[in-house]
Amino acid sequence: MDRNLELRKLPIGSLYNIENTLEIDNGWQKVMAFIPKDPLSDHFEQKYTIEHMRLIQEHAKETHRKCAEVLFDEWGTSGRIRPTIETLKQVLIKAEIFRAADEVATMLQEPLPPRPSGGPAAAIDINITSLLSGDSSEQTTGDGDLDSNETNKDFNHSKKKNLFDKTTKQVKSSTNLMKFSTICQSLKNKSFGRQTTAQMVTQEKDLIKFSSGIPTEELPALSALMSKQNDKSSNETYAEKATESTEVSGTSQAKSQSHQSWFPTNGPHMAPPPIDIYSVVDSKILEDTNLIRFEYSQLEVITNYFPESKSEGPSGPCGKIGKGGFGEVFVGSHPTHGLLAVKKVRCYLQFDCEPKVAIKVFNAEVKSLSQLRHDNIVPILGYSVDGPTPCIVCKYIEGGSLEQKLAQKVLTETERMGIMIGTAEGLKYIHNTIKPVIMDSAESQPTNLMKTYFIHGDVKSANILLTTDCVPKLCDFGLAKQLESTYIVSSMMGTSAYMPPEGFTGTITRKTDIFSFGIVILELLTGLRPIVTSSNGNINIKNYVEESCKDNEIDNLLDPVVDNWTKAQKVFTLAKRCLEMDRNLRPSMDEVCAMLNRINYHESYELFYARV
Numbered sequence: 001m002d003r004n005l006e007l008r009k010l011p012i013g014s015l016y017n018i019e020n021t022l023e024i025d026n027g028w029q030k031v032m033a034f035i036p037k038d039p040l041s042d043h044f045e046q047k048y049t050i051e052h053m054r055l056i057q058e059h060a061k062e063t064h065r066k067c068a069e070v071l072f073d074e075w076g077t078s079g080r081i082r083p084t085i086e087t088l089k090q091v092l093i094k095a096e097i098f099r100a101a102d103e104v105a106t107m108l109q110e111p112l113p114p115r116p117s118g119g120p121a122a123a124i125d126i127n128i129t130s131l132l133s134g135d136s137s138e139q140t141t142g143d144g145d146l147d148s149n150e151t152n153k154d155f156n157h158s159k160k161k162n163l164f165d166k167t168t169k170q171v172k173s174s175t176n177l178m179k180f181s182t183i184c185q186s187l188k189n190k191s192f193g194r195q196t197t198a199q200m201v202t203q204e205k206d207l208i209k210f211s212s213g214i215p216t217e218e219l220p221a222l223s224a225l226m227s228k229q230n231d232k233s234s235n236e237t238y239a240e241k242a243t244e245s246t247e248v249s250g251t252s253q254a255k256s257q258s259h260q261s262w263f264p265t266n267g268p269h270m271a272p273p274p275i276d277i278y279s280v281v282d283s284k285i286l287e288d289t290n291l292i293r294f295e296y297s298q299l300e301v302i303t304n305y306f307p308e309s310k311s312e313g314p315s316g317p318c319g320k321i322g323k324g325g326f327g328e329v330f331v332g333s334h335p336t337h338g339l340l341a342v343k344k345v346r347c348y349l350q351f352d353c354e355p356k357v358a359i360k361v362f363n364a365e366v367k368s369l370s371q372l373r374h375d376n377i378v379p380i381l382g383y384s385v386d387g388p389t390p391c392i393v394c395k396y397i398e399g400g401s402l403e404q405k406l407a408q409k410v411l412t413e414t415e416r417m418g419i420m421i422g423t424a425e426g427l428k429y430i431h432n433t434i435k436p437v438i439m440d441s442a443e444s445q446p447t448n449l450m451k452t453y454f455i456h457g458d459v460k461s462a463n464i465l466l467t468t469d470c471v472p473k474l475c476d477f478g479l480a481k482q483l484e485s486t487y488i489v490s491s492m493m494g495t496s497a498y499m500p501p502e503g504f505t506g507t508i509t510r511k512t513d514i515f516s517f518g519i520v521i522l523e524l525l526t527g528l529r530p531i532v533t534s535s536n537g538n539i540n541i542k543n544y545v546e547e548s549c550k551d552n553e554i555d556n557l558l559d560p561v562v563d564n565w566t567k568a569q570k571v572f573t574l575a576k577r578c579l580e581m582d583r584n585l586r587p588s589m590d591e592v593c594a595m596l597n598r599i600n601y602h603e604s605y606e607l608f609y610a611r612v
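FYI, in the UniProt record's numbering the residues of the sequence shown are 1 to 612.
Incorrect hints may have been included.
[What the hints assert, rightly or not] With a cut-off of at most 27 angstroms between alpha-carbon atoms, the simulated DSS-like pairs for lysine-lysine come out as follows:
{"id": "1", "residue 1": "323", "residue 2": "360"}
{"id": "2", "residue 1": "428", "residue 2": "66"}
{"id": "3", "residue 1": "61", "residue 2": "30"}
{"id": "4", "residue 1": "428", "residue 2": "360"}
{"id": "5", "residue 1": "323", "residue 2": "47"}
{"id": "6", "residue 1": "320", "residue 2": "37"}
{"id": "7", "residue 1": "576", "residue 2": "409"}
{"id": "8", "residue 1": "47", "residue 2": "30"}
{"id": "9", "residue 1": "550", "residue 2": "567"}
{"id": "10", "residue 1": "94", "residue 2": "9"}
{"id": "11", "residue 1": "360", "residue 2": "284"}
{"id": "12", "residue 1": "61", "residue 2": "360"}
{"id": "13", "residue 1": "323", "residue 2": "37"}
{"id": "14", "residue 1": "367", "residue 2": "395"}
[Claimed, not checked] Cβ-Cβ distance ranges computed for the label pairs, FRET-style:
{"id": "15", "residue 1": "54", "residue 2": "564", "range": "34 to 42 angstroms"}
{"id": "16", "residue 1": "534", "residue 2": "407", "range": "14 to 22 angstroms"}
{"id": "17", "residue 1": "316", "residue 2": "54", "range": "52 to 60 angstroms"}
{"id": "18", "residue 1": "432", "residue 2": "6", "range": "43 to 51 angstroms"}
It is worth saying that the hints were derived from the structure and are not from the lab. Note that the structure is predicted; figures quoted are calculated from it, not measured. Virtual Cβ for every residue (Gly too), placed ideally from N, Cα, C.
Could you build the full structure based on these sequences and the hints that come with them?
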């Protein structure tokens, strides 16, 4: 691996062991204190402060991630000069966290960094013979040192008792050594100090030599114990997987090809084993011939290598256009498919832990968008899985999000009504999309009559994109679910400002989307944010509107950018129905669509004849 490779470009999971090491005793804080503002400067200036440490702790707690993960995410993507693997190694050495520095050296296939001769960071001599030499020398003294004419029985008894206590202590120590050797075998070649556990295991003769002079009636044979352990685990070697280097529109032959690993293999001491791409990406995605597999390198080129800001390139806009909880979105112009929106799933994944949140989000979003094709849903083109982070590729929607348009104060009442109706139609389609029934080929009759429906799970103004003609397109299906009627999760999903009361306890139904849509309606009517800042502090828009509206009249809260509201009061009545605390009292999305169309076209009909 190249020492000058930037941290942000490392393959997924490469820093997993280092992150775990830095979580011990808050080692990440010590590392943070040694991170330079300018890695190339001879004069050290600290990049982060105590306040930055506090913010990282808070963000890690909110997102259920390791503090070290958040630190690498922030450090790796900030600043004019980005940190490299070599930068990380030097910082770890300065912080004297040599266990993590050893991991980096192993990644680079370099000798382990030298350690200080003294102090906690000094190398540990783990040669068992030398460690035990002190006790062994004491064993050479025995009854021969006693005066043969000694007649004091008490003294003689005391000497024998001391010798017995030493022997007992040695037996216990031998037992611990055998346990230690078993652990060494299970850890295989993990680095420990300046030696590997494989080297420790080769010192079996030292252990047997030490145990030869100790009573062993209750001890199993050490060589037998080690051979049994060897039977349980075999030496596995990990070869780096080859990848497809061209764009593929159909992937029926994908599994017969070499599998792509998201971990590099740079020698026998690389700690994390490679993760087979087919073990983490849903097979339905890989087998879907309607999805295009894009090369990550090609997506890099069209987005101008995923910069932090948007700019105008020779072929159109490129760069970062948005950021969410599970990834960042970039735009780029493809020579064949035109303007694309590329969503990079957040790459610091914990493959050894459950739940594998980021990959679950990737799988859910790609599968949902591939099955849900509608005029009011953002169209997906494909994905990329051959780079350091998986990407979702969709058509670029040029008008921005509803959240942005509301902030710009440019939408008319007609445009707002069209956005309400279009969004409702998209949700109606989602809620009524039934999972295909499994057919029995022999009887040609349905064998599984269980119907499962989609929900979006995160309806909000930021997830409603608009075309230049203000046609709404639902996006961000990372939390989409297929469910029979009610879905129970262990924690809240979605955005809290749009969440119904039952959602905070983990109960998810189609009525969850109805409530969230009710909040969006209030945003469209008032132009306010979902969390309103008032003299009483921050308050949810639902509660703010309820407290501010006298006699259920919305007039005094309507967005003043619209000169003449004609349908607001009836739309407000519908919003209140969507926002019922009891989910059973909320209308279905079919009813919502019917009511919106009735309001829109009935009012237009009345206005037309009033003018006549």
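Do the hints match the structure? See the list:
no. : hint                          : in the structure
1   : 323 x 360                     : 18 angstroms, holds
2   : 428 x 66                      : 39 angstroms, violated
3   : 61 x 30                       : 19 angstroms, holds
4   : 428 x 360                     : 24 angstroms, holds
5   : 323 x 47                      : 23 angstroms, holds
6   : 320 x 37                      : 24 angstroms, holds
7   : 576 x 409                     : 24 angstroms, holds
8   : 47 x 30                       : 13 angstroms, holds
9   : 550 x 567                     : 18 angstroms, holds
10  : 94 x 9                        : 23 angstroms, holds
11  : 360 x 284                     : 13 angstroms, holds
12  : 61 x 360                      : 20 angstroms, holds
13  : 323 x 37                      : 24 angstroms, holds
14  : 367 x 395                     : 16 angstroms, holds
15  : 54 x 564: 34 to 42 angstroms  : 50 angstroms, violated
16  : 534 x 407: 14 to 22 angstroms : 18 angstroms, holds
17  : 316 x 54: 52 to 60 angstroms  : 41 angstroms, violated
18  : 432 x 6: 43 to 51 angstroms   : 46 angstroms, holds
Hint compliance for this structure: hints 2, 15 and 17 are broken, all remaining hints hold.
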